[in-house]
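**Q** Residue-level listing of the chains:
Number of protein chains: 2
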Amino acid sequence: MEFSEHIKTANVEDVVLQQPLHPPSRGTLCITGHHLLFSHREEQDSSGQVLLLLRNIDAIEKSVENLSGYLGPFTNVVNSKRASGSSGTIIIKCKDLFVLQLDIPGMEQCLNIAQSIETLSCLDCVADMYPFFYRPCDAIFCDQWGLSNPEKHYTEMEELLLSTSLRHWRQDTRGRTPPTISCRGLPNWNHDVTGWSHGDAGFVLPRMQSGFGHSVQHERWRLSTVNRDYSVCVSYPTAVIVPKEISDDTLKKVAKFRQGGRFPVLCYYHRKNGMVIMRSGQPLTGANRKRCKEDERLLQAVIEDSDKGYIIDMRSAQQAQQARMTGGGFESKSCYNSWRRLHRHMERGKTLQESLIKLVEACADKSHNMGRWLSKLENSKWLSHVQTALSTAGLLVECLERDGHSVLIHDSDGIDSTLLVSTLAQLIMDPSCRTLEGFLGLLEREFVQAGHPFQQRCAHSAFSHARLQQESPVFLLMLDCVWQIWRQFPLALGFSEALLLRLATEAYASNYGTFLSNSDMERHAAQVKDKTQCLFRALLKPREREQYTNQLYEHTELAIWPSVHPQSLQLWRGFFLRWTQQTRHLEEVQQEIRNMVIESGKTALSF
Amino acid sequence: MEFSEHIKTANVEDVVLQQPLHPPSRGTLCITGHHLLFSHREEQDSSGQVLLLLRNIDAIEKSVENLSGYLGPFTNVVNSKRASGSSGTIIIKCKDLFVLQLDIPGMEQCLNIAQSIETLSCLDCVADMYPFFYRPCDAIFCDQWGLSNPEKHYTEMEELLLSTSLRHWRQDTRGRTPPTISCRGLPNWNHDVTGWSHGDAGFVLPRMQSGFGHSVQHERWRLSTVNRDYSVCVSYPTAVIVPKEISDDTLKKVAKFRQGGRFPVLCYYHRKNGMVIMRSGQPLTGANRKRCKEDERLLQAVIEDSDKGYIIDMRSAQQAQQARMTGGGFESKSCYNSWRRLHRHMERGKTLQESLIKLVEACADKSHNMGRWLSKLENSKWLSHVQTALSTAGLLVECLERDGHSVLIHDSDGIDSTLLVSTLAQLIMDPSCRTLEGFLGLLEREFVQAGHPFQQRCAHSAFSHARLQQESPVFLLMLDCVWQIWRQFPLALGFSEALLLRLATEAYASNYGTFLSNSDMERHAAQVKDKTQCLFRALLKPREREQYTNQLYEHTELAIWPSVHPQSLQLWRGFFLRWTQQTRHLEEVQQEIRNMVIESGKTALSF
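Going down the list, the sequences are from chains A and B.
Just so we're aligned: 540 in numbering that gives the first Met the number 0 is position 541 of the first sequence, and the numbers increase by one with no gaps anywhere.
Just so we're aligned: 493 in numbering that gives the first Met the number 0 is position 494 of the second sequence, and the numbers increase by one with no gaps anywhere.
Here chain A stands alone, though its shape is the one from the complex:
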């Protein structure tokens, strides 16, 4: 695509920029294929510039006026140039809620600029987007693009299983003769048991049959590449973890019975008790209550000897019933009698998007009426969605950790609230998800690889007048929920609010390829991994890492149960009132704490 076609006016002098927290300033406006650049007249260095990704622009409002009247006694060269025609004003509303105003001399120039922005901010073709052109000075193109992949995740899980088994075995050997049966399926580690205490890897992985609870789990899962060419499920990655006894052929049959081909896959293995979180799309039982023996067998294989499992269906019972009319459905008690179904209704899609729009509108309300603000806040229902998401995640953790049973979660298509809740649950339960790396890895696994359609969901934010289609702030809602947890447990998360803010921006407009496209398949087709930079990797570089580390972080093994009382949940002011003085002051505090930590030499400890 030739961007220059869409740029009739590339440069305008003498533009006045008005932005929050700054006095108006005069300078030069420049439009490129992907950016809007404003350079202050007085300041020559980059601190005097505003660089905005056009993709970040959600809506623009333009107004032009003819200046044929009195021009005042102080008409200088610049003003007379302006007077020669007319002038225009463009208000730019960004997806990260930043709003700026440009007063542009010359009606035609103003209209040209507006048109360029309108076109270039909504490019549809992935390959035209900025990540494909972004080349930072320290760009790396190597095999390793993201932080992990399903294969690595599986290996890690296997290692976790091994170490768990080993720990159990160690505890056990205190009392009785150690078992000497070697570990099947892991041929390299088949050593004599006595070697364990002397050598590095010289130990036998015991295969315990009883009294060790979940220590046999490592034989129960396998990595399947049935979706290697994305033919079974378009939104899954090429490899997924499934029960070992379920063959690829069975998976293909199950995929046909689940919405979007999303057959149940393992997304979390809980090392404390060996229970798992599975996720999927809804079963396509339809009006005729169709069954799928393979699906039933797969779920039975998940719980194996355990007496039961839980299905958390993120629709109300009534909605699940209604879904049958359009080919969807739910797991009936008669067919899945080891599974107990719990319904927790969570809004998705349009309702969530409308809630965001109402909230942002309320936040921008200039009225000084406290009652009106609180009632608009209530009316937006955003905090109710936060509450529901957190309490559903809490329910999941309760089933898995407290009650000690595996859980399958899904809504209808399994690519929105399913991922949201599974992410939150893992953050609550698992300390390894609470470090900076761990959290980014979690997002990569549960949102990017798991097939959250970022391109559709984040096409527009709260300001756009475009008709809503697939937009929905699921990812933003997830970040808000994480913020609530962070606020309630300020020491338990290894990353800072600044990271959440950064991610909220990046999901909508980014230099990086991480949130491009709607699925692994699309990213593969667009060669995203070959041609763009990875955000998560960039965030872990030392300078960025320092910025996004929670300096107060203290590791805890415990689950961090967030309170979901309405009184405990707050508006995420850092995001929704981001461009106000107040938020700026809070940033100062973070900076101050960072400085203090660096002074006190704690930095060395926290890395």
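No false leads were mixed into what you were given.
No copy labels: a pair is met if it fits in one copy or bridges any two.
In silico DMTMM-like cross-links for lysine to aspartate or glutamate, where the CA-CA straight-line distance does not exceed 25 angstroms: (1) Lys365 <-> Glu346; (2) Lys375 <-> Glu353; (3) Lys365 <-> Glu377; (4) Lys365 <-> Glu397; (5) Lys243 <-> Glu293.
If you're looking for bench data, these hints aren't it; they were derived computationally from the structure.
Place chain B on chain A using the hints.
**A** Just chain B, lined up with the frame of chain A:
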């Protein structure tokens, strides 16, 4: 008074205590004249004790039941003792919003305990209250009781005036010959001007007539002891600052024309421009529009050569009009033509108390409904009161600092919202009020000495079923407003949220005499200064100081204008949701920051 008369049961064994954030525990309950003491059975050290001032108890609920039924198979000695009679439960609700439950074996014992608490928590006589019995190991009884007094305040103001004059003079001498006229009224400092640059105090204080704005102010004020025996105004201290040209006889006449005898007195001198804040009661113009020439002359003397002053009347114009029917009134334009009257309605008294009750009720609501919570929060109107208080204070600062004119503030009696707003305005404007000492000094001046009737206002808090009389959470509202400022400017205040919480508790029930009685006169009569300890002095002792210092404090000379947009104001969770897990976590953060500062050696700098 013999406290023992009211204690029929002093000790009960085997009581079960239930309190927030702790598991139930069993131990011994003990009632003394001023305290409720619970000692856990297992723990012998003081960490296993709960010590509660009876004065802190706002309401108790008791229920007794006969235990004649099945006692279960595990009836041990203790249980059978309980079974012999019956048992009772007392729920204790404290003024600092702490709620605890005691399960007491024996109906009679339970009723005795309840009755003791009911009587002893509401003692009317000041001399019976605990501060008269409190003797900490480091008790000091010396002449200096509080942090300051009106005399000292006046001296400080004079010094401020001198230094300001000097600064102006220094700036001036750069350009022209220094004036050599000596300073009148300050004979000791009458030196030759040349000595200034060489010696220590060898300088002449110039008396500048023009081009120096406010440098002549130091001759305009005097300390009057007209109220030395409290005969002119019962709620004023013995000394007040008034315009120099107004004689004590005139003041006596003005006092008769102002509600409660509260003639206009200076409460703040703004060193940047020499303008002042005056406060008073409403003028008693009555239905006949009575005038008082002396009052008019006093106010004229306040603005002197300045073209005008502002009166901020904290009632709506309509309320001020209505006040005339009951003998009150307002300063009419015709009689006070140099003064511009601004009306800002602020709720006081019963309305404020009811708002607090509604808010605390909302906070205790266990329902999980987000909409209900937000609507109850709105309905309590507490945040609206916070907003009004802060915006009225902002208005005052605008008049004084931006517009550069003196201000008189009053409501009807001038002992509630008047003090609240004048306190906040000083905090916003003056960096010297933002240190720990400065803030405590401000409270001492503007609340304690200025005659806020603490005993009446803080007799009960949000739980009491007693019929509302004089109760009103004006002081608490002020603390909430200060918290909002602290939150918006986390680096600008030298004290921490913990100080505000401590003050909120102490105002209602205290070991110290600071908040006893309703006025200086009453404190004098009760010999509070001779027989009790001073809270403000205690808070400045090293160990406490460390606890209440804001470790992130950075001095700024600038006014700190709080945003009063509804979006910028928040529920003070630290106070209203104090006894929840969440608040506990935030305290951990504060502790962590404190530790870090101590590590980084910053402590030395901040003192």
